[in-house]
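I would like the entire structure built from these sequences, with the hints used as guidance.
Protein chains in written order, with our numbering: chain A, 1 to 301; chain B, 1001 to 1291; chain C, 2001 to 2229.
It should be emphasised that the hints constitute simulated quantities derived from the structure, not laboratory data. Because the structure is a prediction, the values reported are computed rather than measured. You can take every hint at face value.
In silico DSBU-like links for lysine-lysine, alpha-carbon gap of 30 Å or less:
#	chain 1	residue 1	chain 2	residue 2
1	C	K2061	C	K2047
2	C	K2208	C	K2125
3	B	K1037	C	K2183
4	B	K1261	B	K1238
5	C	K2073	B	K1037
6	A	K211	A	K246
7	C	K2208	B	K1238
8	C	K2150	C	K2106
9	B	K1037	C	K2061
10	C	K2150	B	K1060
11	B	K1238	B	K1226
12	B	K1060	C	K2061
13	B	K1060	C	K2222
14	B	K1226	C	K2183
15	B	K1153	C	K2208
16	B	K1244	C	K2071
17	C	K2071	B	K1037
18	C	K2061	B	K1153
19	B	K1287	A	K5
20	B	K1060	C	K2208
21	A	K105	B	K1014
22	B	K1244	C	K2180
23	B	K1014	A	K102
24	A	K105	B	K1286
25	B	K1261	C	K2183
26	B	K1049	B	K1238
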Amino acid sequence: MSVIKVHELSKNFGSLHAVNALSFEVQAGEVFGFLGQNGSGKSTTIRMLLSLIYPSSGSIELFDLPLQANRNQIAERVGAIIERPDLYPYLTAKEHLQLFAKLSKQKISKEQIARTLEQVGLSLRSADKVNTFSLGMKQRLGIAIALVHNPDLIILDEPTNGLDPQGIADIRHLIQDLAKQDGKTVLVSSHLLSEIEQVASQILIIHQGKKVAMGPTQTLLDPNKAIIHIVTQHDEQALSILGISKYAQNIMQRKDGIYLSIATNEIPALHQFIVAANIPLMSFELKRSLEDYFLQITSMQ
Amino acid sequence: MWPIIQIETFKIFKRPRTYIAFGAIAALILVIQMGLKIDGESYAAFLMKDINNTLIVDGKVLNGYLICYILLQLLLVHVPLLVALIAADMISGEANLGTLRLLLTTPYSRTQWVLAKFIAASIYTILLLIWLAFLALFLSMWIFGTDDLFLMKSNYVVLIEGQDVFWRYVGAFVFASFSLLTVTALGFLMSSLANNSIGPIVATISAIVFFTILSTLNIPLFSAIKPYLFTTHMNNWKEFFDIKVTDTNEAITGSILNVAKIKNSIIVLVVHIVLFVSASVWIVRKKDILS
Amino acid sequence: MKFKSTIFIGILIGIQFLSNAQTNVLVERVRLKLNTVNDYTAEGIMKTDVSFIKASLGKVKVFYKKPNLIKVKKDGGISLLPKGGVSITMNSLLSTDQYIAFEAGKQVYKGKTLDVIKLVPTDDKLDWVISTLWIDPVEALVYKTFTTTKDNGSFEIAMDYGAYTNYGLPSKIVFGFNTKDYKLPNGITLEFGDEAPISKQKAMKNKKGTIEITYSSYIINKGVSSSLF
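The structure is reproduced here in structure tokens:
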């Protein structure tokens, strides 16, 4: 069962295409990694999933219900943190949880609130006002708010921001537990592949609002998979030829050329195909893995 | 919607800023009361300079009722600024803080949130007014006692019997609540337009100052728009303290000179409140939350 | 010639003396009547009619004590009285004999033929300059006075009589006085942008005010404490 179904989703801010025809699905019980550099459109997409931003076009369904028409009903089953952990400085951690428990329209016991605080390691500071908290503690409290009403879908936008290595590890374990033990669906975004690859079973990479890669983590990070970056004199001609070839499914077009995701042992055959097709090749470069590819995108910032 | 109204009200009264207004009003009122207690007679003598040319005014002119009137005259002009401090921060303050996005992911619609926030801001405004009433009226009544209300207006004097005064204050405070709720609604509208706290507060205060000047300037050019400005009507609580007279110039106890004027002002203010709040709902519903 | 002139002047003075003696008699009758009252406490209703004042009818108590102490007190409220006017009542006017009285003819007032008598004080300390009295010679009651004071302008006092005629005490008394302009700056009243009220125009035209007290009862000569004044 898909918990999130996004189809051809776009968002324009004036002439800026923040999200461009993005489609993906997230299945129940999986940890879905949403990867992209800062400004790639991750947060805009997440905000659209939470109906904070209205899409310019496309559709979103959560729990098989169209989001717009069923927003309140859906919101009861979703918990989220969005970018920075912004909280009320004049309230305590416990007051925050009590407040958002009340807002969830569900009956949430004191024990549940205490358990959630325990879960994120804030039990000892529950009576302290948030203005005394470090960024990492605020982030933990943000996660606690997302979890307090026991939602089915948890959306965590950059949850490890500001956390120390121990904190990052704690959050990683928490995400894994949520999915494995509690059967929750988790969508977690990050700009760091290393964070995502350890927890996510599926990964979606977006860049400049467009999907550039998506698939099971195992497959995407498979050492037998390679990314080939080719630069030609006429990219359009090359694309039209490749587009009708058996490599059609593997193409990722970017400004700096064409990328193809193929098995390592297919590299010679691809090279031969390009030469045989008389594509005016200027460079043919092997990117070792998805990680290389992602790092390259990131380094272009 | 009740839980979110409760939460919004809880949040308002958890913020230290909220109490600035209560403190400011208490300080102002106590200072004025102290001044009038110590040196009120010379102030009254100054006011009655013209009257004393012709008449002897015998009795306790400077009683709690007059003190309250003086306080309201001075304060109700400034309380809107204190109301703006909270109302103009209701949405933009949370946008600035980043918490607005948390609220808007809860299972309540944006319309519900905007209305709950407006109701919470209105509760604050009404409580501020009750606080003002308590200090300005009841405390003054306690300190200065009560008597007839001898009211010196610009062109004439109204002498209202002691037992005919209290209900007028009740009316005046109810009227003032409409005035202040209009300010709350205006601040709220400004708040829905911005993502920072200071801008809407300054904009609300500027708008009040600007329109008040238009309302008070007796320039024919502005006369046409004056009846439609909320600032023209905000001070009409004073109408509760003007009284009808018979053909033989005998004041009619229990009467109000211009009931129609009060009704008209309330209608204008309510229309403003509805417009401002509706506009806020429309803006927030349309808005992408980018903060 | 000189002799004739002396006789003529002598006759004139004689006539004047005789006439004065007669008016004095009338004033004296009034005075004697008023002098039977050592003090009184009266209850009444006061009505203030001044163009720039809106006031309702109010219950008042009037306290008087010889020779010239008088106090009008509203029942637990604020009362407005013409400045200096109240003290110039009949009782206080005639509480002294430091005046010269002149007859000034007769006038019909409210259907009665009244003697008009002018009083001029001989004591400089008194605060009135001249007073005209309209007196009913039959009952020895003053129906109207017009008094010019040193400091507080002129007052007209009209009186009606009822149950207390024997003491010369009126059942109704109307103080008439000239009012001065009343205006407080908007900066003080904080009444900005208000259109000028109707009573403003009225105030311009009508510069005369009256304060009217209709007495319902008098308690006479039962003692009034001096501390009340």
